[in-house]
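Novice: In the working numbering, the protein residues as written are 262 to 632.
Just so you know, not all the hints are guaranteed correct.
[Unchecked claim] Below, a list of computed lysine-lysine pairs in the BS3-like style, where the Cα atoms sit at most 30 Å apart:
no.	residue 1	residue 2
1	Lys416	Lys593
2	Lys416	Lys506
3	Lys593	Lys532
4	Lys506	Lys532
[Claimed, not checked] What follows is a set of in silico ranges between Cβ atoms, one per label pair, in the way DEER data are often shown:
no.	residue 1	residue 2	range
5	Gly580	Ile379	37 to 43 Å
6	Arg283	Ala434	28 to 34 Å
7	Ala336	Gly304	48 to 54 Å
8	Gly276	Asp585	42 to 48 Å
What the hints contain is simulated information worked out from the structure, not anything from laboratory work. What you are looking at is a predicted structure, and each value in this text was computed from that prediction instead of being measured. Here a beta-carbon is modelled for each residue, glycine too, at the ideal position from N, C-alpha and C.
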Amino acid sequence: MFPSLLLLVACTSAGTEPLPGRPAHHVAGGFRNVNPEFTRPSGWTRWSFIAVRTWESLASPRAFEAPRVTNDGAALRAVPAAPSITWVGHATLLVQVDGLSVLTDPSWSARAGPTSWIGARRLNPPGLAFEHLPRIDVVTISHDHYDHLDLSTVKRLAAAHDPLFLVPLGMAAWFADNGMPRVVELDWWQEHEHRGVRFVCTPAQHFSQRSLWDGNRRLWASWAVLGREGRFYHGGDTGYFPGFKEIGRRLGPFDVAALPIGAYLPPTIMKWVHTTPEEAVEAFVDLDARIMLGMHWGTFDLAEEPLGEPPVRMLAEIGRRGIDPSRAWLLKIGETRHWPGEAQWQGEAQPTASRADTEMGSRKSRRIGKP
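Working from the sequences, and respecting the hints, build out all of it.
Specialist: So this is what it looks like as structure tokens:
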């Protein structure tokens with residue numbers, strides 16, 4: 262029922278030892294994480310987890326109504342003058358900067374899986390109808406897991422918009438095999454410029470796999486989108502690791518850093534590959550970002566934490582650290598916000614948090630089928 266979770270229990274296919282003369286994350290047949298503390302749970306721990314998740318999805322699937330707003334896309338199709346960001350759901354964001362419309366990890370499917378009937382069920386519809394999208398210029402992909410790389414969505418985008426797909430190493434062949442040749446693949450710290458906007462492929466701590474036989478054969482990454490009007494970071498899917506500080510040192514400050522705050526329990530499974538809300542705030546500080554946007558929650562039921570808990574913990578950590586709450590964004594599904602460009606940051610008030618930011622976590626998740 263949960264292919265992306267089943268992959269957690271599969272044996273990886275790539276090697277583990279670095280290749281002489283190559284970057285440290287390159288190994289025979291694929292890639293690895295370079296954090297020396299990175300470990301994976303035992304096979305028994307992983308199989309036990311997936312067995313419990315599968316049973317719960319059948320016996321008492323959970324439901325969750327995330328706050329949302331209606332968005333017909335009209336303003337987005339006009340291409341706003343100021344940089345803007347719209348949360349479609351999960352890790353899918355529409356970023357508009359310097360006249361470009363960029364989609365991150367796009368998914369419009371009802372499930373995150375290899376078919377329309379296998380995979381984690383979508384809890385909330387996309388915040389923007391596919392037909393209401395503006396012309397999409399660029400799509401960034403962080404890694405190949407089904408909740409971040411949805412075949413039906415990217416094929417639909419290729420047919421309707423013919424965007425440039427920017428992907429980590431090893432993915433271009435997958436796109437070409439599926440009839441999408443307009444792809445540029447990059448290694449960590451490589452970059453590509455499109456119409457004056459720099460796209461930098463930056464490190465992440467995760468893994469890749471779409472079947473039992475291709476573990477870690479494709480690279481995983483985060484992305485920096487650097488324009489004249491604004492600087493944006495998309496964390497994709499990642500555990501907390503020292504690389505955040507290096508990204509901030511090399512490419513910061515960022516105007517907005519979108520960071521994953523969900524799918525962190527149980528820690529025996531998730532610790533090294535998904536950030537907790539508190540770790541996401543730590544990453545926000547490391548990245549030298551002005552605004553933190555919490556994502557990767559409230560859309561697919563991928564882990565064991567209460568579905569409304571991630572934003573509550575994120576805001577609590579923001580408060581504990583004494584960070585101005587206006588710098589913590591929790592968008593409603595479908596919501597668009599504008600962020601100030603460099604000139605506006607000087608001496609102007611920062612954007613205020615919406616009421617949803619403080620109320621987001623009050624909504625309760627529930628299981629269907631049991632009281």
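Novice: Between the alpha carbons of Lys506 and Lys532, is the straight-line distance 30 Å or under?
Specialist: holds (19 Å)
Novice: So does Gly580 sit 37 to 43 Å from Ile379, Cβ to Cβ?
Specialist: Since the Cβ atoms of Gly580 and Ile379 sit about 40 Å apart, the hinted range of 37 to 43 Å holds.
Novice: Confirm or reject the claim that Arg283 and Ala434 have a C-beta distance inside 28 to 34 Å.
Specialist: violated (19 Å)
Novice: Does the Cβ distance between Gly276 and Asp585 fall inside 42 to 48 Å?
Specialist: holds (46 Å)
Novice: When you check the alpha-carbon spacing of Lys416 and Lys593, does it fall within 30 Å?
Specialist: With Cα atoms ~27 Å apart, Lys416 and Lys593 stay inside 30 Å; holds.
Novice: Given the hinted pair Lys593 and Lys532, is their alpha-carbon gap at most 30 Å?
Specialist: This hinted pair holds, its Cα atoms lying about 27 Å apart.
Novice: Against the 30 Å threshold, does the CA-CA distance of Lys416 and Lys506 hold or violate the hint?
Specialist: violated (35 Å)
Novice: Is 48 to 54 Å right for how far apart the beta carbons of Ala336 and Gly304 are?
Specialist: holds (50 Å)
Going through the hint list in order, the structure does not satisfy hints 2, 6.
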